[in-house]
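With the hints as your guide, set chains L and R onto chain S.
Residues per chain are reported as follows:
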Amino acid sequence: MTPRTSREIAELVGGRLAGNADLMVTGVASLQEAQPADLSFLGNDRYKGQVTPSAAGVVLVPESFPEPVPAGRAWIFCANPSAAFSKVVMLFAPPTVTYPPGIHPLAAVDPAARIPASAHVGPFAVIEADAVIGERTVIGAHVFIGRETRIGADCLIYPMVAIRERCVVGDRVIIHIGTTIGSDGFGYITGPQGHTKIPQTGIVQLDDDVELGAQVAVDRARFGKTWIKRGAKIDNLVQIAHNVVIGEFSLVIAQVGIAGSTRLGRGVTLAGQAGLAGHIEIGDGAIMMAQSGTDKDIPAKAIMMGSPAVDRKEFARNQFNLHRIGKLADTVKVLQQEVAELKARLAERDNRR
Amino acid sequence: MTPRTSREIAELVGGRLAGNADLMVTGVASLQEAQPADLSFLGNDRYKGQVTPSAAGVVLVPESFPEPVPAGRAWIFCANPSAAFSKVVMLFAPPTVTYPPGIHPLAAVDPAARIPASAHVGPFAVIEADAVIGERTVIGAHVFIGRETRIGADCLIYPMVAIRERCVVGDRVIIHIGTTIGSDGFGYITGPQGHTKIPQTGIVQLDDDVELGAQVAVDRARFGKTWIKRGAKIDNLVQIAHNVVIGEFSLVIAQVGIAGSTRLGRGVTLAGQAGLAGHIEIGDGAIMMAQSGTDKDIPAKAIMMGSPAVDRKEFARNQFNLHRIGKLADTVKVLQQEVAELKARLAERDNRR
Amino acid sequence: MTPRTSREIAELVGGRLAGNADLMVTGVASLQEAQPADLSFLGNDRYKGQVTPSAAGVVLVPESFPEPVPAGRAWIFCANPSAAFSKVVMLFAPPTVTYPPGIHPLAAVDPAARIPASAHVGPFAVIEADAVIGERTVIGAHVFIGRETRIGADCLIYPMVAIRERCVVGDRVIIHIGTTIGSDGFGYITGPQGHTKIPQTGIVQLDDDVELGAQVAVDRARFGKTWIKRGAKIDNLVQIAHNVVIGEFSLVIAQVGIAGSTRLGRGVTLAGQAGLAGHIEIGDGAIMMAQSGTDKDIPAKAIMMGSPAVDRKEFARNQFNLHRIGKLADTVKVLQQEVAELKARLAERDNRR
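Chains as they are written, first to last, in my numbering: chain S, 60 to 412; chain L, 60 to 412; chain R, 60 to 412.
Chain S with its partners taken away, still in its complex shape:
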């Protein structure tokens, strides 16, 4: 965490420096909170009015940023200021937490579990019989790994994650604190004596490079598998029901719920608190906006809003229409009066004749 000059940082991020090249930077901050020795960035157009007023000595800005550099400060023009900022953040970040290889003496590991010497197993972790852990994978404190579950290499399983029996996890998977994988799907046959549980005998499969946030629930399949494909990223507190399939590189934002057997294509985005009914298909690249919901298939690349969700153009039209009703009612009232007058005038003439 040694200070760096604005020139050194411009070189690091491959940006074009304007203004003070010798400014000493000691940390990073948002535009609003930065002090003169901080570097900040313009990553979202919403904040463009904050760059010049900011106290930040150095600001990473997009190449098109038009405002002149105030005296004594510096702009660094970048193709992607947000990506560049991440590099600078790492310069000043505290060292990443690391996990030494080995099994903590307070872990409960079944003798029939297979754990390589390069893996880390934290205190109070439970690893049951016939579970298999990959090279260099970190199993955090209080984690539960059920029987016959297989986890790949270079995974990072944070504390209090539970993965029940027979699930399959790929390589480089990250699972944040408190996420539960492989609980029974919600399935009953309802009769006169109440609800009889349908056995949930399938598994959950997470492919390579998947990341799951904190406190996500992914239910095991009724049969076959609940499947999150390669590179998909899931935010906190998401519900993924039995037999759901999430396509490669899809993004599922916090508190989304996906009911049973629904399938997402590749590169789908579900924004926060969106909800999908069961047994539907969401096409490649489709976007469900925040708080939207649907029980119908969604075509590829559609952008859907509202609940029940409609195409965003239709949503905008509906909103526009909703707002014009008042005016429309006024217009109709005027028309009623005019028609009444016309009728009166015609009737008057009829009488006059």
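It is worth saying that the hints were derived from the structure and are not from the lab.
Heads up, none of these hints are tricks.
Which copy? The list can't say, so a pair holds if one copy fits it or any two copies do.
Keeping only pairs whose Cα atoms sit at most 20 Å apart, straight-line, the calculated EDC-like set for lysine to aspartate or glutamate is:
no.: 1; residue 1: 355; residue 2: 104
no.: 2; residue 1: 107; residue 2: 356
no.: 3; residue 1: 284; residue 2: 92
no.: 4; residue 1: 284; residue 2: 230
no.: 5; residue 1: 107; residue 2: 354
no.: 6; residue 1: 256; residue 2: 307
no.: 7; residue 1: 256; residue 2: 267
Just chains L and R now, kept in the frame of chain S:
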């Protein structure tokens, strides 16, 4: 997991076989994913177009299914293909995980807790003083059972469930991973100095045959009890606030939220992400559809949609009306022109005279 | 839990007694469930019709309560019946669970952690190197405290809470079961090869007197801090994303989601299941009603409903307008007929001439 013939399976499920009686079945799969040695089923009308194209050798179909059996394959006609399928699933399922009686040496059980020899207590479970566990009940790894809490017989408490002090759990209750029972209700008295906590001195009571999903939160009562009655089934990530009462055999789907002191009748269904305000009553058999919300009492057997929720007929009418505004506005515009013309024609005549 | 007379209770709460002063009270209950030896209260106008029919011997009522006391029973008139009731609840409540000072022998505490003798550390808690715990703070069973995290005095950290590295918690903070603090924010840069993780190097800071419910997720900042200010109260299953700021004394009800970098002012209320997009500001004292959602700044003291949220007056007007469309369409139909008739009459005359 020995293979079975289509004839053997038809006998097992009590169905009527049509087609190939000697087909060897080695597993189960969905219509879309099945291979020729798999059995599948038609449990949802949505998939009826997939039966004949499926590669599945054998398909369990409803008695009314009209399509002829392709050569070499078999249909088994059943009154309830989904229930029949569950029986077949169990034939080919891996053995269920079982839990031997006894207390794991790494559990922390207070000497004043009462645990029968038939119960299982997993590693790192904590059972506090004066807690009582029933016969054959399974307490999973990392479970926390607070002081004086009583749990019935034949319960299955999965890892990382926490049940705080003085709660009461019936027989045959299943609680999935990460669910928390008996945290304080959210109650404050707000004054000029901020929010003062209202003591939450009540308990949670779960009656016989209740099942709670993963990561459900059930708050203890301010006084008296938060109460989930017999046979009710709760899905993942549901919020149940203090003093809520959930009637017998009700179904509460994932991510529903129920605010304080609200009472559900018998056989109520709350679909995914629905929300109920506090201090209201939901009548027997009522249904709140997905993402609906209400702060008003709901009559028995009503089917409610939207937020604020209205009867589903009214919801449909509102949706229909919303879509006709554009056309209505066009009609009004035409009327305006026509009225203007009529006025002009009348005025012209008046002038002519 | 000795019985008290109605007179003793009136003195305790500083209320004015009417009716039977010698009634023996042995417990508390809601109006609906109370027995003759119970005390109840009218804390919500919704229940005013239940006071006289209730079996409760004694009822705490607001000073304006108009109904006469039935024979043998008692009213106690109070400025705040709900606050008074809390005092009586404590009279009859079982003793609060207490936690003796000391570190449980089954906890895993790093020798480099600093824990005062007055603190309690429960079984299977993990406290990593350089963590600092304040005087009299309770660290429950199965809690995880990461490296260099600092927790103040008199905090109550319930079982299965996880607080990752370098976070900061003030004094008198309460965190309920299963809440996770300091997981990575959800941030990626998306390129042709998928989503690349943006390092999340900041922390979470909880100021004095904050209370977090069960199973809340508070993500660490991308840089700087995610910040919950003094006296704010958060209910269960809430999602708080990276770099969010929650102002003093704000109330966030269950299942709310707040996306990254959004800032709440002082005394904001977010009702259940509300959702806020990222990078917006919610002004002091503003209220987002249940299930509402916004991606726009909200002015101070506004009361917002719906998704997308509008001022509650506009929301009411929209609802009113939505319901008048049907009638409006009928009116327009009548007008069409009248105009058609007028045209016909004029045309007829033109022909006659």
